[in-house]
Amino acid sequence: MTEAIANTRTTRKPSRYRWRRRARKTGMVAAGLLVLFYTLFPYYWAIVSSFRSGSQLFSSNLLPTIDFTHYRALLADPVFTRAILNSLIVAGSTTLISLVLATAAAYALGRLNFLGKRAVLLTILVVSIFPQIAVMPGMFELVRWLGLYNRIGSLILAYLIFTVPFTVWVLTSFVREFPRELEEAAIMDGCSHWRILTRILLPLMGPALASTGLLAFILAWNEFLFALTFILSDENRTVPVAIGLISGSSRYEYPFGPIMAASVIVTLPLLVLVLIFQRRIVSGLTAGAIKG
Amino acid sequence: MGSVSLHGVSKSFGKLDIIRNVDLDIADGEFVVFVGPSGCGKSTLLRLIAGLVPATAGEIAIDGEDMTEVPASERGIAFVFQSYALYPHMNIARNIGFALETTGIGRAAIRTKVEQVASMLKIDHLLDRLPRQLSGGQRQRVAIGRALVRHPKVFLFDEPLSNLDTDLRSEMRVEIARLHEELGTTMIYVTHDQVEAMTLADRIVVLNEGRIEQIGSPRELYRQPANRFVAGFIGAPRMNFAPVTATARSETVRLTGPGGLDLGVAGNWSATAASIGVRPEALSLATGETAKASGELLRVEDLGHEHLAYVSIADDLVWTARVEPNHETQRGARVGLGWPDDALFVFDGEGRRLGAQAGMRG
Amino acid sequence: MIARVIARGRSRLERREATAAWLFLAPALIALAAVAFWPLARTLYFSFTDATFDDPSNYGFIGWRNFTDIAGDKLWWLALRNTLTFTVISVALETCLGLGIALLLNQTIPGRGAIRAAILIPWAIPVVVSAKVWEWMLHDQFGIINNALINLGLIEQGIAWTANPSLVMGVVIFIDVWITTPFMVLLILAGLQLIPEEVQEAAIVDGVPWWKRFWSITLPLLRPAIGVAVLFRVLDAMRMFDLSYVLAGNSQRTMTISIYARNQLVAFQEIGLGSAASTWVFFAVAMAAILIIGTLRLDRATSR
Numbered sequence: 003m004t005e006a007i008a009n010t011r012t013t014r015k016p017s018r019y020r021w022r023r024r025a026r027k028t029g030m031v032a033a034g035l036l037v038l039f040y041t042l043f044p045y046y047w048a049i050v051s052s053f054r055s056g057s058q059l060f061s062s063n064l065l066p067t068i069d070f071t072h073y074r075a076l077l078a079d080p081v082f083t084r085a086i087l088n089s090l091i092v093a094g095s096t097t098l099i100s101l102v103l104a105t106a107a108a109y110a111l112g113r114l115n116f117l118g119k120r121a122v123l124l125t126i127l128v129v130s131i132f133p134q135i136a137v138m139p140g141m142f143e144l145v146r147w148l149g150l151y152n153r154i155g156s157l158i159l160a161y162l163i164f165t166v167p168f169t170v171w172v173l174t175s176f177v178r179e180f181p182r183e184l185e186e187a188a189i190m191d192g193c194s195h196w197r198i199l200t201r202i203l204l205p206l207m208g209p210a211l212a213s214t215g216l217l218a219f220i221l222a223w224n225e226f227l228f229a230l231t232f233i234l235s236d237e238n239r240t241v242p243v244a245i246g247l248i249s250g251s252s253r254y255e256y257p258f259g260p261i262m263a264a265s266v267i268v269t270l271p272l273l274v275l276v277l278i279f280q281r282r283i284v285s286g287l288t289a290g291a292i293k294g
Numbered sequence: 003m004g005s006v007s008l009h010g011v012s013k014s015f016g017k018l019d020i021i022r023n024v025d026l027d028i029a030d031g032e033f034v035v036f037v038g039p040s041g042c043g044k045s046t047l048l049r050l051i052a053g054l055v056p057a058t059a060g061e062i063a064i065d066g067e068d069m070t071e072v073p074a075s076e077r078g079i080a081f082v083f084q085s086y087a088l089y090p091h092m093n094i095a096r097n098i099g100f101a102l103e104t105t106g107i108g109r110a111a112i113r114t115k116v117e118q119v120a121s122m123l124k125i126d127h128l129l130d131r132l133p134r135q136l137s138g139g140q141r142q143r144v145a146i147g148r149a150l151v152r153h154p155k156v157f158l159f160d161e162p163l164s165n166l167d168t169d170l171r172s173e174m175r176v177e178i179a180r181l182h183e184e185l186g187t188t189m190i191y192v193t194h195d196q197v198e199a200m201t202l203a204d205r206i207v208v209l210n211e212g213r214i215e216q217i218g219s220p221r222e223l224y225r226q227p228a229n230r231f232v233a234g235f236i237g238a239p240r241m242n243f244a245p246v247t248a249t250a251r252s253e254t255v256r257l258t259g260p261g262g263l264d265l266g267v268a269g270n271w272s273a274t275a276a277s278i279g280v281r282p283e284a285l286s287l288a289t290g291e292t293a294k295a296s297g298e299l300l301r302v303e304d305l306g307h308e309h310l311a312y313v314s315i316a317d318d319l320v321w322t323a324r325v326e327p328n329h330e331t332q333r334g335a336r337v338g339l340g341w342p343d344d345a346l347f348v349f350d351g352e353g354r355r356l357g358a359q360a361g362m363r364g
Numbered sequence: 024m025i026a027r028v029i030a031r032g033r034s035r036l037e038r039r040e041a042t043a044a045w046l047f048l049a050p051a052l053i054a055l056a057a058v059a060f061w062p063l064a065r066t067l068y069f070s071f072t073d074a075t076f077d078d079p080s081n082y083g084f085i086g087w088r089n090f091t092d093i094a095g096d097k098l099w100w101l102a103l104r105n106t107l108t109f110t111v112i113s114v115a116l117e118t119c120l121g122l123g124i125a126l127l128l129n130q131t132i133p134g135r136g137a138i139r140a141a142i143l144i145p146w147a148i149p150v151v152v153s154a155k156v157w158e159w160m161l162h163d164q165f166g167i168i169n170n171a172l173i174n175l176g177l178i179e180q181g182i183a184w185t186a187n188p189s190l191v192m193g194v195v196i197f198i199d200v201w202i203t204t205p206f207m208v209l210l211i212l213a214g215l216q217l218i219p220e221e222v223q224e225a226a227i228v229d230g231v232p233w234w235k236r237f238w239s240i241t242l243p244l245l246r247p248a249i250g251v252a253v254l255f256r257v258l259d260a261m262r263m264f265d266l267s268y269v270l271a272g273n274s275q276r277t278m279t280i281s282i283y284a285r286n287q288l289v290a291f292q293e294i295g296l297g298s299a300a301s302t303w304v305f306f307a308v309a310m311a312a313i314l315i316i317g318t319l320r321l322d323r324a325t326s327r
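Residue numbers (our numbering), protein chains in the order written: chain A, 3 to 294; chain B, 3 to 364; chain C, 24 to 327.
Here chain A stands alone, though its shape is the one from the complex (with noise of 0.2 Å):
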């Protein structure tokens, strides 16, 4: 018996151990690429296609081919360009908006004691799981009386639902974290709530901001079914609905090459600034619902 385990021991040379961790290294790399491949490939083919006119788009070449066709046609098509200012004009409101908002209540949250915190922290909570459908009929009733029906203001409007709750929580954990002796010092240099807020915590809070923002931005900037519903004619759409409502000439003509070049115009650009945010817009993310 002893002799066994003598015999298993002395097999256990280190070079099988470091074939094994070889192996095992191996294994990971090649489910890392894989990984990328699956994220990745999807939005590469999209660029490569939109970089592919005519008979040429069927080619199912991997390396890309460059034509700027439906660049061009796009660039040139006023309801598409319309599209992305309506875009933009929507989505800068609406986080701009929210962030002010947020702002001010996250400081109540993270700093201020006062009753009834809990309750306004899980209201905000609540609202932030209600289904965007469910206010909709309400909604276009609000939208209506205010004049706002088939205008981009509805959808500013519209969107507080989800970003302001969004912002509040994600800057609320922030504004949290802050050190409670900066707050003091504040109040006893005689900072007013209003002064800590715009001298001590805002400058410093600048990087959460724009990662909330970004964040913020890009939910306002995705939305579909408000902008679906909400706007009826084509030089108010936002970009979402006018890339889901390109259209062929014909049944059979699918314009998948102009679809493609649409989104990686309007998706490009974002995703640069996603990257560069990259860190922040995680723990941005996750901070946010860890602590929920």
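Any given hint might turn out to be false.
Stated by the list, open to error - EDC-like cross-link-like pairs, simulated, lysine to aspartate or glutamate; straight-line CA separation at most 20 Å:
(1) LYS294/B x ASP264/B
(2) LYS235/C x ASP259/C
(3) LYS27/A x GLU40/C
(4) LYS155/B x ASP30/B
(5) LYS124/B x GLU177/B
(6) LYS119/A x GLU40/C
(7) LYS124/B x GLU173/B
(8) LYS115/B x GLU103/B
(9) LYS235/C x GLU221/C
(10) LYS155/B x GLU32/B
(11) LYS119/A x GLU37/C
(12) LYS155/B x GLU173/B
(13) LYS155/B x GLU186/A
(14) LYS119/A x ASP79/A
(15) LYS17/B x GLU221/C
Stated by the list, open to error - Okay, the calculated beta carbon distance ranges per label pair:
(16) ALA57/C x LEU123/A: 26 to 36 Å
(17) LEU46/C x ARG131/B: 51 to 61 Å
(18) MET310/C x SER40/B: 39 to 49 Å
(19) TRP238/C x TYR40/A: 20 to 30 Å
(20) MET310/C x LYS15/A: 55 to 65 Å
(21) TYR40/A x ALA312/C: 25 to 35 Å
(22) ASP344/B x GLU220/C: 32 to 42 Å
(23) TRP238/C x ASP318/B: 37 to 47 Å
(24) SER40/B x TRP45/C: 32 to 42 Å
(25) TRP45/C x ARG131/B: 37 to 47 Å
(26) LEU123/A x TRP233/C: 31 to 41 Å
(27) GLY41/B x LEU123/A: 25 to 35 Å
(28) SER14/B x LEU46/C: 44 to 54 Å
(29) TRP238/C x SER17/A: 26 to 36 Å
Since the hints were derived computationally from the structure, they do not count as laboratory data.
We put the CB at the ideal spot given by N, CA and C, even for glycine.
Once you have looked at the hints, place chains B and C on chain A.
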């Protein structure tokens, strides 16, 4: 000028009582140090005085004026924080002068005051830097400068030196003592460091579980602790204690306890004695008649300037004695311990010290 | 000195802070009241009326009839079944895939940073774009996927993935998994990084094999993170609209309850009926939320 008085001050967070009914009077120009174990409420008490934490009950007066409801910035006090709490996005000059910006005095006047304070603290060459470009000691000076510039009636320090290394700590300790001497302003200082407390304080306030255990000069606290808690808290290594049984006789009281303890104490005040205490520095290794207790020598620690002997006088009772470096006792040997009569502290069942006069000779 | 203990209810300083807090909160709360609670209340109200879009101001109360009408509509039940099928399968797949990728990214492998960045891409691009890109890749004649499968000799001719009624739900789920797995990965990865490394190291030193480490250490410690991620994803999947709508329009095979409700509202111009359907959606989502949160609570209570 800058007297501070607290009357029946309490603070609770929900059901948790942090400060319980504290009365305290601090005279103008005094240097008072709050000490106590962590969680005793010393930092909260400081914040109550500052107005950073509102009191649940009681009154706080500064300079004879009720300040209980007055906002922190209008109480005429300044606060130096443990983490320094410098504004990371402002340069040093702005950090120091920030409090003056809301008072409506001109920029030039602020600059003059800031420069004055900076030269006093020898940080005038750093005014354009940002806090992160400064060393710990320099940041500490800026934090003090920020307090100085407001010409407060009372300075509050919350463990200001605990983030510094040992060398800088003693340097800054001397600096703070110098400031107090020069300015003559009331200072209240929270620390867990006994050396800081003993060296800086005119009076020390010992806090425990939100209550004041004793107020007194460093010398008083060391020589005449009011109770077992203070006796154990002040002094390092801490005082040795042993439970005793008291038997009253005609003239004296006999105290018996572990390690062969058998003491006759004059005066019947010690009839309710439940424990005794002796400081390590009062103990000596003794033999025969002079030994009042005995036990097994567990080990001797050589700390260079002193030797600490650990003597087990009962199964679960180890006493520490500060002994002469040239003792020649083997580990495991039975040793006797002796002490002068006036070094004995006697406590009753509730921990109060008995016969307050007995140990007063020192 | 007589200690005067004056017990105040709340001090002026505290009241002042509370006032400031409500002032800071007011704009956000007013905004939420206007765009969330008021519309929701109006939706509930409309669901008891026979209002239509032709003349929204002229309506009468009809009690519970809208609700019973919807409950009697076979299409509603089909939409509900579709939604539940979609939710269960896609969230299950996302959780498994997300867990796998998160575990991989938690190892030190070359290019970890690149993967972590790349994984944000499917999440950041609009659902409409993702739907279109996949629709193009899955095209029956010219799609790259059919081409690859034909070249590999796996199929004779292109499969009409999105046009084939029996395949389309699978395609919707597949694309949704691609879009939302990143979110799962990020949340689970954040949970993984909360697990102290020493715990794993202790187990390694004790000779615990990797599968046992995974089952008995990693997974139990990850449960809260996975629970929260699943909660978010389920609630999101229950209200899914855009992916199905863009990919298959009003096809009954992929119609979700959100699409059903919007059809009542927009296509049939029935505010009352649409509101009732929307209210049903709201309660379905709320039920799911309560169920999952309850399970998480129970889980937390029993694991203590």
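Checklist entry - Hint by hint, which ones does this structure get wrong, listed from lowest number up? => result 2, 3, 12, 14, 15, 16, 17, 22 and 28
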